[in-house]
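The task is simple: from the sequences and hints, build the whole structure.
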Amino acid sequence: MAISFTLNGKAVNFEGDPETPILWVLRDHLDVTSPKYGCGAGLCGACTVHLEGAAIRSCSIPISAAAGKAVTSLEGLAEKMGKAIQDAWIEFDVPQCGYCQTGQMMSAADLLAKKKQPSSDEIKNAMSGNICRCGTYSRIEKAVKRAADKLA
Amino acid sequence: MKNHSLKNQSRRQFIQQTATAAGAFVVGMYLPLSSEAATSAGQQPALANAWIRITPSNQITLICARSEMGQDVYTSMPALLAEELNLPLSMIQVEIAGVAPVYINALLGGQITGGSTSVREAFDKLRTAGAATRSVLVEAAAQRWNVAASDCKAMNGKVTHSSGKSATYGELAADAAKLPLPEKPALKSPANFMVIGKESMRRLDTPIKVAGKAVYGIDVKIPGMAIASLAQCPVIGGTPTSYDASAALKVSGVIKVVQISDGVAVLAKDFYTARKGRDALQITWNEGANATLSNAVVRKSLEEGLSKKGAVIKTVGDINATVANGKTVSAQYFLPYLAHSTMEPVNCSADVSNGKCRIIGPIQFQQGGEAVAAAAAGVKPEDVTIETTFLGGGFGRKLELDFIRQAAEISKAAGMPVKMLWTKEDDITHDFYRPMSIHKVEGVLGANGQLETMKAKMVSQSVTARAFPGFVKDGFDPFMVEGSNNVTYEIPNMEITNVITDTGVRVGYWRSVSNALNAFAIESFVDEAAKAAGKDPVAFRLASLDKHPRAKAALELAVKKSGYSASSKRFGVAQMECYDTYSACVIELDPTASSTKVKKVTFVSDCGIAVHPDQARAQLTGGVIYGLSAALANEITIENGRIQQNNFNNYPSLRQNQVPIVEVHLIPSQEKPGGLGEVGVPLVAPALANAIAAATGKRIRELPIKA
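The listed protein sequences correspond, in order, to chains E and Z. Residue 59 in the numbering used here is what sits at position 59 of the first sequence, and the numbering runs on without skipping anything. Residue 247 in the numbering used here is what sits at position 247 of the second sequence, and the numbering runs on without skipping anything.
Hints listed in this document are in silico derivations from the structure and should not be mistaken for laboratory results. Note that the structure is predicted; figures quoted are calculated from it, not measured. Careful, some of the hints might be misleading.
Here chain Z is said to cover these stretches of chain E; the calculated rule only asks that three of the stretch's residues, wherever they fall, bring their Cβ under 8 Å from a Cβ of chain Z [claimed, not checked]:
(1) 14-26
(2) 38-47
(3) 63-76
(4) 88-99
(5) 123-129
(6) 135-146
If you only want the chain E side, here are some residues facing chain Z, beta carbon under 7 Å, derived [as the list claims (entries may be wrong)]:
(7) Thr33
(8) Ser34
(9) Thr102
Note that the Cβ used here is the ideal one computed from N, Cα and C, for glycine as well.
This is the structure in structure tokens:
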């Protein structure tokens with residue numbers, strides 16, 4: 001039985017095991033590779049995408065939970081939000097290896113959708129589910145603030 | 001950046017490339033380009049050598065022969081070429097190199113990215129390559145215009161003459177390619193640098209990384225490929241003796257199950273299905289020689305090593321010198337096994353077919369990859385191609401070759417292209433671990449309150465004995481002495497000894513290698529000696545650094561910038577030379593919190609010329625955080641041959657709301673570049689242990705620090 005959902009605004013279908021995590025449907029079936037596999041257990045945030053506009057760990061949520069709903073990856077962020085975040089990330093040259101950054105940006109988008117001008121502590125707490133082994137945290141914090149300013 | 005993914009040169013482009021025996025570069029070979037390379041560049045280059053390709057329409061591609069794993073080689077290596085070509089980075093595209101002798105890292109003897117060597121090794125080599133090419137472009141213009149080359153100038157992709165004549169590099173490329181390259185072209189004076197050292201320099205890979213378009217190993221796609229999940233023995237080194245795949249093959253979507261030398265792989269269209277199939281396998285393992293290994297036994301065998309003679313790797317003066325009224329200080333330190341824990345778990349793609357083997361993946365050691373892939377695929381090394389993707393972190397893990405061999409074995413056995421992906425759990429439990437080490441350090445304080453003698457013995461496994469056994473001679477591992485045989489203190493009598501003890505645990509090079517082990521022991525010990533002498537730990541260090549002015553300056557600046565005060569009892573310091581960079585670290589504890597809560601880390605480095613200052617600071621900051629995660633929370637233990645940790649829950653990494661302020665300062669310098677990628681790591685643990693001792697009187701001699 002096919003599971004239908006929208007991905008970045010387009011209607012898509014997945015035929016397969018409904019327990020398949022959203023991450024692998026996106027990566028291996030729909031060629032959307034910006035969400036990364038980091039831990040498979042919702043611990044690191046590298047796989048973060050949005051389900052109905054809210055950040056989720058796509059490695060740990062089955063595709064059945066997305067049936068009839070909207071999944072958004074980095075590529076599908078609303079133009080204004082996506083550009084503000086990507087431009088801020090570029091301005092501070094945030095990424096080192098870069099592997100976690102798509103997930104970081106998706107968590108940042110979730111935060112900025114809920115809170116227009118987050119404080120440092122609010123940023124630190126909201127972003128604490130996303131691990132960066134390269135240690136780019138201080139630049140991430142600056143970039144989130146800059147993105148907030150751009151959106152204001 | 002115009003290109004959206006790493007392009008790779010194929011091996012056959014380099015058939016005519018050679019390197020001299022001494023590893024000196026040869027840039028003078030013009031390469032027959034494959035049609036695919038010509039297509040990918042959009043136009044056939046008119047000038048092409050190992051490092052530089054220029055098309056008639058002035059598209060300029062610079063080749064990066066090191067693996068980009070966050071440390072910025074993708075920008076800082078081409079920057080060396082661009083500097084001498086007088087090209088702003090906005091005019092270039094970057095390609096990652098294939099495998100060729102010309103790309104060997106002379107400091108490591110192979111095409112390897114590691115040891116914080118990339119820019120150090122390339123600084124003269126790539127500038128020379130750039131200058132030689134600039135020279136022939138100018139010469140080609142001079143000949144075309146029948147003017148003196150000295151009246152022509154190459155700048156921003158054009159050669160111009162005082163008469164007003166002008167031609168792009170691309171327009172000159174075909175003629176320039178026919179001219180002999182000068183072997184020793186004049187290099188620009190640092191005062192004239194337009195790229196190197198500029199604060200305005202930006203990373204060239206940032207735009208594609210923030211667009212989600214950078215291709216990592218995990219993102220590789222080969223037409224017709226399957227995703228493979230490999231079941232490996234829970235004990236590293238074990239092999240399958242038999243298996244039953246019937247349940248796995250019943251999992252809908254499983255394509256195939258194949259056995260390889262050290263595991264059984266399940267192939268499917270997606271990773272979830274492959275993993276589900278793998279979980280359904282019934283495998284009997286021969287657990288091998290390590291089946292009974294335990295942490296306690298391993299540690300005991302290292303402790304027993306302390307009574308062994310070992311190899312003396314450094315002597316100064318007479319270690320048995322009598323010190324009148326000397327006060328003896330002695331301490332023993334312990335560091336645990338550690339995993340690399342990159343964000344991107346180990347993976348590799350392989351296509352073994354028609355007598356050829358194509359490898360695509362996150363690789364730090366391309367030549368080694370070529371050799372193991374050839375052996376695994378049963379093809380000749382010249383029939384192997386290695387394509388290096390972006391690496392989602394390396395830290396030394398991806399210079400191992402196990403995953404390349406496994407991918408090639410799986411593809412060969414399955415008869416189809418595969419992408420093998422490990423789980424995070426596979427990655428933590430099947431790593432090549434930083435060795436456990438035990439250090440005994442003893443010293444005698446003289447009448448002046450300074451160390452008159454220092455004797456340091458390190459007992460651990462030798463990574464090199466496993467990975468490159470030919471380089472270990474008479475108990476001397478050149479990578480085990482890092483951080484000890486280069487101690488900067490002027491101590492009149494010293495003896496430093498290494499005792500290699502093989503426990504059987506599989507060990508590997510881990511970001512900063514032995515620097516982190518030896519620095520913890522020596523910089524903790526020096527602090528203990530200062531306390532025994534009743535001296536301020538900064539003054540104690542400075543008093544014996546007169547012969548190392550760069551080390552002294554780094555420590556002095558770190559003290560100044562950090563607001564260090566001995567009387568406030570919440571600061572700890574440490575300093576060292578690591579990969580030609582002199583650094584000092586001051587840690588300030590948060591006085592309002594528990595004794596291990598770090599408020600601020602001040603890190604100062606004199607790294608010589610910083611090619612990319614902003615990213616130099618980024619690397620040092622990241623190294624500090626990597627070192628702090630390890631010091632506070634990371635420990636790999638082993639029971640019944642099985643690694644006891646397996647994911648971020650029990651092998652944690654500092655998070656956004658757990659990191660202290662990290663402030664980095666670079667000392668301006670015209671010395672040759674020093675290393676940066678690993679330099680931030682080693683000083684954190686000793687500086688923190690020293691801060692805790694100052695704050696609480698409790699001396700930490702074992703890592704991780706258990707509050």
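Hints violated by the structure (listed by number, smallest first): Going through the list in order, the structure violates no hint and respects every one.
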